[in-house]
Each structure stands twice: as C-alpha cells, then as structure tokens.
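Counting in our numbering, the sequence shown runs from 21 upward without gaps.
Take these hints with a grain of salt, some might be off.
Stated by the list, open to error - Derived lysine-lysine pairs resembling DSBU-like cross-links, with alpha carbons at most 30 Å apart:
hint	residue 1	residue 2
1	Lys85	Lys133
2	Lys61	Lys104
3	Lys23	Lys133
4	Lys61	Lys85
These are computed hints drawn from the structure, not numbers from a lab.
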Amino acid sequence: MTKIGLLTCLRSNDVCPRVGCLQALAAREDYFSVYAAQKIKLAAVWTCQGCDNLVLGDESARAEKLQCVLQSGIQAVHIGCCCKRDGVWCPEIRNIACILEQHGIKVIWGTHK
C-alpha cells in the first residue's frame, strides 16, 4: 500500500474544500492516475503556513508539520494545483517540496486539472 499526502495553499482555504483533489484521488484520475493499479492510503492533508500578509504560526509550526509528515511513512506528496500563482509554483511550497525530497518522499506537482 502506498501512503500519500496532499499539500495545499493556506490561501485556498477560503474558497476550496479540496473536493477536486479528493475526487481525482478517489477516481485515480489526473495526477493520481499513477496509482490506478495500487492500493493507496491518504495519510495527510495539510496546508503551508502562508505567505505575504497571511501567515499562520512561525518557522517552528512549519517544522512541526513537516516532522509529523516525515515520521508518518508517507511515500509521496501531491502538491495541490492551488499552489500556483500566475502559473508559477509558490516559493514556500517549493521549499517544502525540497525538504520532502531530501527525505526520500516523492513529490508530484499536481492533483487535478
């Protein structure tokens, strides 16, 4: 069984209930099609700590979330399509992705179309 996580943008919370991501996951569509023949377990859904003038917590809060994810046995993390601004992946999300990859967690840039 493959354990996966879903990382989304804090800013999307006011408009997105993650329905598109979860529907694509359940149907093994779009970026989740790589799991078509596999059993998977959604083991984490979390947001970044924010950016610009919308920020939750501090660096220790981000570190705590990452530590929890790293200890969970997750093998892959999908980055929500909400993490793009003007067609560019958010720098904070790229930093988180880099940390995940350094710990052997595969990062998939996308969820649904």
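Regarding the pair Lys23 and Lys133, is the alpha-carbon distance no greater than 30 Å?
It holds: about 22 Å lies between the C-alpha atoms, which stays within 30 Å.
Taken at face value, is the distance from the CA of Lys133 to the CA of Lys85 at most 30 Å?
Holds. Lys85 to Lys133 sits at ~27 Å (cutoff 30 Å).
Verify the proposed pairing of Lys61 with Lys85, using a straight-line Cα cut of 30 Å.
Given pair Lys61, Lys85 holds - Cα atoms ~19 Å apart, limit 30 Å.
For the pair supplied as a hint, Lys61 and Lys104, is the alpha-carbon distance within the 30 Å limit?
This hinted pair holds, its Cα atoms lying about 25 Å apart.
Of the numbered hints listed earlier, not one is contradicted by the structure.
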